[in-house]
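The hints should help you fit chain B onto chain G, whose structure is shown.
Residue numbers (our numbering), protein chains in the order written: chain G, 139 to 399; chain B, 139 to 399.
A hint or two may mislead.
Since the list gives no way to pick out one identical chain from another, each pair is judged satisfied if it fits inside one copy or across any two copies.
List of simulated lysine to aspartate or glutamate pairs, EDC-like, C-alpha gap at most 16 Å [claimed, not checked]: (1) Lys184 with Asp158; (2) Lys184 with Glu162; (3) Lys264 with Glu398; (4) Lys184 with Asp148; (5) Lys264 with Glu347; (6) Lys264 with Asp303; (7) Lys399 with Asp377; (8) Lys376 with Asp244; (9) Lys243 with Asp303; (10) Lys243 with Glu398; (11) Lys399 with Glu247; (12) Lys243 with Asp377; (13) Lys376 with Glu247.
It should be emphasised that the hints constitute simulated quantities derived from the structure, not laboratory data.
This one's a predicted model, so the numbers in the text were calculated from it and none came from an experiment.
Each chain, letter by letter, is given below.
Number of protein chains: 2
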Amino acid sequence: MRWCRFQNGDQPSYGIIEGDNVIEVSGIPWGEHSRTSNSQPLESVKLLAPVIPPTFYAAGINFREHVTEMAHARGEEPSFPPAADVGYRANNALTGHGSPIIVPKDATEVFQYEGELVAVIGRQCKNVSEAEALDYVFGYTIGNDVSERTWQRGDRTLWRAKNTDTFKPMGPWIETEGVDPENCEVSISLNGRFVSSYNMSGTIFGVREFISRMSRYLTLVPGDMLWMGTDGAPENMKDGDVCDIAIEGIGTLSNPVQWEK
Amino acid sequence: MRWCRFQNGDQPSYGIIEGDNVIEVSGIPWGEHSRTSNSQPLESVKLLAPVIPPTFYAAGINFREHVTEMAHARGEEPSFPPAADVGYRANNALTGHGSPIIVPKDATEVFQYEGELVAVIGRQCKNVSEAEALDYVFGYTIGNDVSERTWQRGDRTLWRAKNTDTFKPMGPWIETEGVDPENCEVSISLNGRFVSSYNMSGTIFGVREFISRMSRYLTLVPGDMLWMGTDGAPENMKDGDVCDIAIEGIGTLSNPVQWEK
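Same shape as in the complex, but just chain G (with noise of 0.2 Å):
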């Protein structure tokens, strides 16, 4: 099942997607809900992130290929990650499939994408294992995990490198069934063209790692969600660049790069 968020009239409200259609439900994809008789073209409405989390989990650095690649063009051994150590996005950056991304002015041309699978929790969940961790996922979208390079490198922190208001751009929807978060294709596209693609089984620490790990110290919650990382180089976006993240089971995120003027 495909469950979406999307803008009805003045408020944002739930939705499944059926065919070409938007069947508006009322209540929470992971609680009680129920089907409205408001269907809409899925073409016709404007789609939002499908989830606003009550915590933004992000893996940051997680797979082994980038870890050694950068590693070794600066003349290194690769060092990686020994355990699932989860980072952190913010809320306020969050926008919908289709929407623009928004550049300041000041923001440098080292402006790139890192398209990543993004899992989002159903069920509550302390101290689950390895074996079990999967059961507490509802289900899997799209993220665009937006990242100035410039202020990346020089802030104390990540906050504008990575949560400049529409820097995380997620959808366009939350796939429920199929998706194989161990073994499913990424792949991105830069106005049309192909630049890369990778394997999820290429993570150092995959989604049942980073829950089992997390959950021993905090409780997640529905609705929360975990960012799984990136793999590959990626490329410059300038201004009036569309760029789409596919992934397998899912669908394909695109959203439009506008230069703030």
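Chain B alone, transformed into the frame defined by chain G:
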């Protein structure tokens, strides 16, 4: 006016504190709301963290004397942050006045409080000047940025060092009047014994500098909050200790420490 959140049967409710009573309020403090006829003695209610923010901002290292002392202890010259680069904490860790700080079995004895002033945003803002920044603050409360220092040094991020469940006590309420965020005294006691105090005049960047700089890149929304960092060298907290943080014009946040057996 003092706003709180409290456990009202099986639901959380906002309330206004008048004298020794909590008046339940329907709606939200920074939007439409109305008083109800439900009044309960303050001493009989369980206070919750006074807000669950859309985004939880934290200043981190933000006091000149603190930076200087730490640098001198390492035999180095102090290096001050050049800009108000904000960081983050996580909502899962929030807990209210009076609730226990629960310490995982595998935590080390270097387990410490950090008493902090917290500013809660009341109105949406983007691109505000330092002169007008404080107009967007709804009120002030108290936070204890509880930290496990071994994890803080060893892990790749601050996730469990700072954000294990119950590591972010906050409250007891939000005070909307009479707090001077640039000149108020913060005092910390352990088991009723005064341990240290500092004044908010010692910040490197104040509330207005943070809000103004943050708002150049991101939209602050009602309920967002900013923890302002701490000064001084904290002591360790042991099983059974009670940590009190008092801020002039607000009140005292008090929480017992309970080590998991």
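Evaluation of the provided hints:
1. Lys184 with Asp158: The answer is within: 14 Å in one copy meets 16 Å, while 49 Å across copies does not.
2. Lys184 with Glu162: within (13 Å within a copy, 37 Å between copies)
3. Lys264 with Glu398: between (43 Å within a copy, 15 Å between copies)
4. Lys184 with Asp148: For Lys184 and Asp148, the Cα distance is within 16 Å only inside one copy (11 Å; across copies 36 Å).
5. Lys264 with Glu347: Answer is within: at 13 Å inside a copy they meet the 16 Å cutoff, but 38 Å across does not.
6. Lys264 with Asp303: between (31 Å within a copy, 10 Å between copies)
7. Lys399 with Asp377: within (10 Å within a copy, 57 Å between copies)
8. Lys376 with Asp244: within (14 Å within a copy, 48 Å between copies)
9. Lys243 with Asp303: Within one copy only: 13 Å inside, 39 Å across.
10. Lys243 with Glu398: Answer is within: at 5 Å inside a copy they meet the 16 Å cutoff, but 50 Å across does not.
11. Lys399 with Glu247: Within one copy, since 14 Å is at most 16 Å while 53 Å is not.
12. Lys243 with Asp377: within (11 Å within a copy, 51 Å between copies)
13. Lys376 with Glu247: Within one copy only: 7 Å inside a chain, 50 Å across chains, cut-off 16 Å.
Taken one by one, the earlier hints all hold for this structure without exception.
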